[in-house]
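Keeping the supplied structure of chain A fixed, place chain B upon it in accordance with the hints.
Chains as they are written, first to last, in my numbering: chain A, 965 to 1619; chain B, 965 to 1619.
If you are wondering where the hints come from, they were derived from the structure by calculation, not from laboratory data.
Honestly, I wouldn't trust all of these hints.
For chains that are exact copies, the list does not tell them apart, and a pair is met inside one copy or across any two.
No more than 27 Å apart at the CA atoms, straight line, and that leaves these computed lysine-lysine pairs for DSS-like [as the list claims (entries may be wrong)]: (1) Lys1220 to Lys1311; (2) Lys1343 to Lys1149; (3) Lys1054 to Lys1260; (4) Lys1220 to Lys1306; (5) Lys1343 to Lys1228; (6) Lys1018 to Lys1260; (7) Lys1343 to Lys1220; (8) Lys1149 to Lys1228.
Here the structure is a predicted model, which means the values were calculated and not measured.
Number of protein chains: 2
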Amino acid sequence: MAASFTDCANAIRALAMDAVEAANSGHPGMPMGMADVATVLFQRYLKFDPAAPKWADRDRFVLSAGHGSMLLYSALHLTGYAQPTLDDIKRFRQVGSPCAGHPENFEMPGIEATTGPLGQGLAMGVGMAMAERHLNAVFGNDLVDHRTWVIAGDGCLMEGINHEAIGLAGHLRLDRLIVLWDDNKITIDGSVSLSSSEDIPARYQATGWHVVECDGHDELDIVAAIEEALSDDRPSLIRCRTIIGKGAPNKQGTSKVHGSPLGKDEVKLAREALGWTHPAFEIPADIRDTWLAAGKRGKQPHADWAKRLETHPDRIGFESRDDVPVDLLRPFVEQLLANPQKVATRKASEMALEAVNALVPATIGGSADLTGSNNTLTKNLHALTAATYDGRYVYYGIREFGMAAAMNGMALHGGVIPYGGTFLVFSDYMRGGIRLSALQQARVVYVMTHDSIGLGEDGPTHQPIEHLMSLRMIPNLHVYRPCDTVETAECWELALSNTDGPSLMALSRQNLPQLRTEAAENRTARGAYALREAEAPRKVVLIATGSEVEIAVAVRDELEAQGIGADVVSMPCWERFEMQDADYRRDIIPRDALKVSIEAGSTFGWERYTDIEGLRFGVDVFGASGPYLGLYEQYGLTVGAIVPRILAKLNGEQA
Amino acid sequence: MAASFTDCANAIRALAMDAVEAANSGHPGMPMGMADVATVLFQRYLKFDPAAPKWADRDRFVLSAGHGSMLLYSALHLTGYAQPTLDDIKRFRQVGSPCAGHPENFEMPGIEATTGPLGQGLAMGVGMAMAERHLNAVFGNDLVDHRTWVIAGDGCLMEGINHEAIGLAGHLRLDRLIVLWDDNKITIDGSVSLSSSEDIPARYQATGWHVVECDGHDELDIVAAIEEALSDDRPSLIRCRTIIGKGAPNKQGTSKVHGSPLGKDEVKLAREALGWTHPAFEIPADIRDTWLAAGKRGKQPHADWAKRLETHPDRIGFESRDDVPVDLLRPFVEQLLANPQKVATRKASEMALEAVNALVPATIGGSADLTGSNNTLTKNLHALTAATYDGRYVYYGIREFGMAAAMNGMALHGGVIPYGGTFLVFSDYMRGGIRLSALQQARVVYVMTHDSIGLGEDGPTHQPIEHLMSLRMIPNLHVYRPCDTVETAECWELALSNTDGPSLMALSRQNLPQLRTEAAENRTARGAYALREAEAPRKVVLIATGSEVEIAVAVRDELEAQGIGADVVSMPCWERFEMQDADYRRDIIPRDALKVSIEAGSTFGWERYTDIEGLRFGVDVFGASGPYLGLYEQYGLTVGAIVPRILAKLNGEQA
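This is chain A alone, in the form it adopts within the complex (with noise of 0.2 Å):
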């Protein structure tokens, strides 16, 4: 006999509370106001086979309150994930456990997303809302026809992200996302009143959603609210009013439930008031079949699907759209060899996109309303809007960090490779979007122009400085920043090769020479290499990135005029170059020379490169309004200014 819905509902609650307590860390609140709609969603609604994890038609759930993981530890495994076991569960918040104190994409097939970062979660959801409506557009409902679902708490509604977010679903109309907010009115500090008096409501209707209420703990009400937000041609939110931590008699429904352990008194307490008798981690064998059976939903779905695909006309389109092979732009490189021309690196960029986008059919670009700037839109793209989702170019408007977090949500998603560019000195607005690329490992291409003080007249408020530095420092971010229109293109293919981690691009704003007259392999991935070479004895080694090579190269010529021998390195990538061999590394930055780095940026870093007795050329300071080359003048980045420090250097004087 099927168990009831309120014993599947507390199945979740005890887990919760038993997994918190073992840890004696977490936040149970979550959980246990939001289970009996977790269990309304997973038990009925959401379409998935916890079979096959990764089916690609199935639904996208994320939790973007990612703080309630032991939510979604306990709805995967009851579903019959084969992660997470019961011990996983009972090891939450261990070093080694999979069932991490926020969810994390990379532990467990059944999590799509990784969330605690609060917004976000739900910003992504509007991403893999996009994807899969592109998709659609272009596969068919044969292929592609599900929903992504999200469940938010008031941190998520509250954080800017969410405007951005909102907007750009309600723009586009995705009513395959349906988003189940968490409407408790507790946050961390006490009541949501503390410091908000929004109609949350009534802002989500004037950004173009349907929303309807439900009571979060009443399971016909729940379906009802489901119903209608299936029916709606919009996205949806469902305000589901719910009591935090419910169950728990005396803190229920008030902050000291949301990120403490309940307590052994409390936890004895709940279990009573919940009708709960059964042990800590027990579920009781008709509990977890009526769980298991409703994992099991997905199953025929799945193998019909799957039939269907077998049989598709564009099955090897769909299963391979996004393989990028690593030697994609080679053609083109040799054309670029042909025909030096001196662009700044964002045209590069967008000559590369031209051959990039007729090559790969999963690109979708897009830019924060800086198109013409950030030279995104190739010829051969249009727009994807709400009348056309076949469309691979997002005008995404004046939101980077919407835009990073629907980039990641796209990337999560998989059969798209998506990439968005901005100015680099914005990357400040998207930051926490960049870094949950990175520790997602997912394939995003953030395309940053205007990367240095080379941007001129618009100023310190837009010139970069501490940027390029600051994001090397992201772990698993490669950040690229090529010195012309071959490195650029060599860039593109490791960034789109690149199929577990995200890669930026800082892209000049001014015009830059060809300087690579050779393009036999792909130089840029080794991250640096000798670009020129000494003809006199080596006594110097000039280290630049990007815009900063040309200056290099200037500097090499006069040194070697009087009998200095000195090298350019050309170092588009330091992430690359770090996963070198000793050797090489070696071989490119010598011990026996002066090293000397030229880069418009903090030069905080390049001790590592140059040694603490080498010399490092930028800018430590914020920039200054005017045309670049006085720019260059005034901040010693040129050739004038930097020979002369260098030849006092060899001679032993104090520079």
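For chain B alone, kept in the frame of chain A given last:
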């Protein structure tokens, strides 16, 4: 005879056209579109005295759409501010001119805030309005009774920070805040409808705002809208329907006029269309006189106010309330020395704040919904709410970026010293605001707790890795990471007495022993100092910060036990250490020793102090979820892991 309203507005249009044309760079569209609104505002409503730009009771005006800087420069010039001169305007966007591409508060006293990064100007306006209402509650109408006006564009309203800022303003019922929205329906990419379908007035109303509309080119309609806004007891959004670039016959109303010079021909046609027959940069006498007369409106109110201040019983308190002596906490530090305590530095910060808040009436604390975790609320504070503006604690809600920008606005307003907390990892969410604190030289204190993997179970989404180092790279930001209660108090002394820049505290979640045993002077003031000196002949210098200083001390004891002399250098503030003279720096970080850094974050950057040959212990990958002592084991940040590598290095082995 007074010049006509239209002529006065056209003076702004002409100056904007001419300056952008001369610079061959800039944004004519916004100043031309909002010239009429600005003329009404500056001639009739804004309370200011160009002869005393720092008059405390002036209205604040923020050009949130900072790219329209020529609007502000024109208004300041025309109303009679000493700066900018006409020559300054002629050198718009040139090196050395105070008329930078975007308005910068440090260039001219009439500029209240540095804007350009979209959305932040409006959000700073919220902070200014908060400061005004607070000081009004403390000092009364006689001394504090002014408004904050903001001009914002579609970009400012689309950015996520808009949601956070207006949510706070609506909740606090900041009726002294009026936002003039330049509703020109154009963004850089084209029509707003490319990327947004939102009903902005409805959204603002849902967030607790009053909304009124006007024809932004109709003087009387603008006046009527402002009058309605003035009479409402909520913050007001005035939707000004405008034509971007109004006056340029072929380009107005399109994105072409947003960010490029009109071009010689179109300028000529615009002059004809506007009936502006005067040569470039020439303002006829009647128009100039009318503007100057408008600028003199504030002279008498200012004089009246000065008279009231002179005889006001709170005069001294009003004028000196944010003076902070650099030895503010010496008596408190003596108490700490007398009673050593093992507490987390976040707790030590709370202890210091108890003393600070009792001594400095100007502080206004707060947290982005992590009050209990950030330890930012002290016993002597009560909440700043719509009903109690005299309160000194702000429940910012889950609005990190909004908090940063509001604090910037408060600091720029003056009379208050804001501090606010969140987790260090969420500095990513507010980085754009932190950078503007630094660029604007604003005294803001960021209280960032849970500053490493030491936070434990919450896992990698919550564990800062690259954050400390990447924040150190922001020019003019002082990043502090104290190791115990004494250093924490010292950091607070320095942060509060640093009047021309922000400070950021990185504070531990975990308890730390009190390591300082004397405090005759504020040793943190030098940035780094020898906390322990070698007893055996010095071979090693251990450099550590915050929670890792305890580990460094234990490593030292182990080395000394083996007869190896080792200093322990505590380095709570890199920026301050860099400001010391070379002798001091060389004394603390000598050449002739193995230098070893220990910090639970990126090792990238520590080469500056350890040399390449030194050892760097830290965390260069994402963290993990688990109890923190286990994580310190996992990442090799223990005495047992560190000592053998030092010994191996001293023995010349490959570590």
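How the hints compare with the structure:
no. : hint               : result
1   : Lys1220 to Lys1311 : between (55 Å within a copy, 20 Å between copies)
2   : Lys1343 to Lys1149 : between (49 Å within a copy, 25 Å between copies)
3   : Lys1054 to Lys1260 : within (24 Å within a copy, 74 Å between copies)
4   : Lys1220 to Lys1306 : between (63 Å within a copy, 26 Å between copies)
5   : Lys1343 to Lys1228 : neither (64 Å within a copy, 30 Å between copies)
6   : Lys1018 to Lys1260 : within (15 Å within a copy, 71 Å between copies)
7   : Lys1343 to Lys1220 : between (56 Å within a copy, 20 Å between copies)
8   : Lys1149 to Lys1228 : within (26 Å within a copy, 59 Å between copies)
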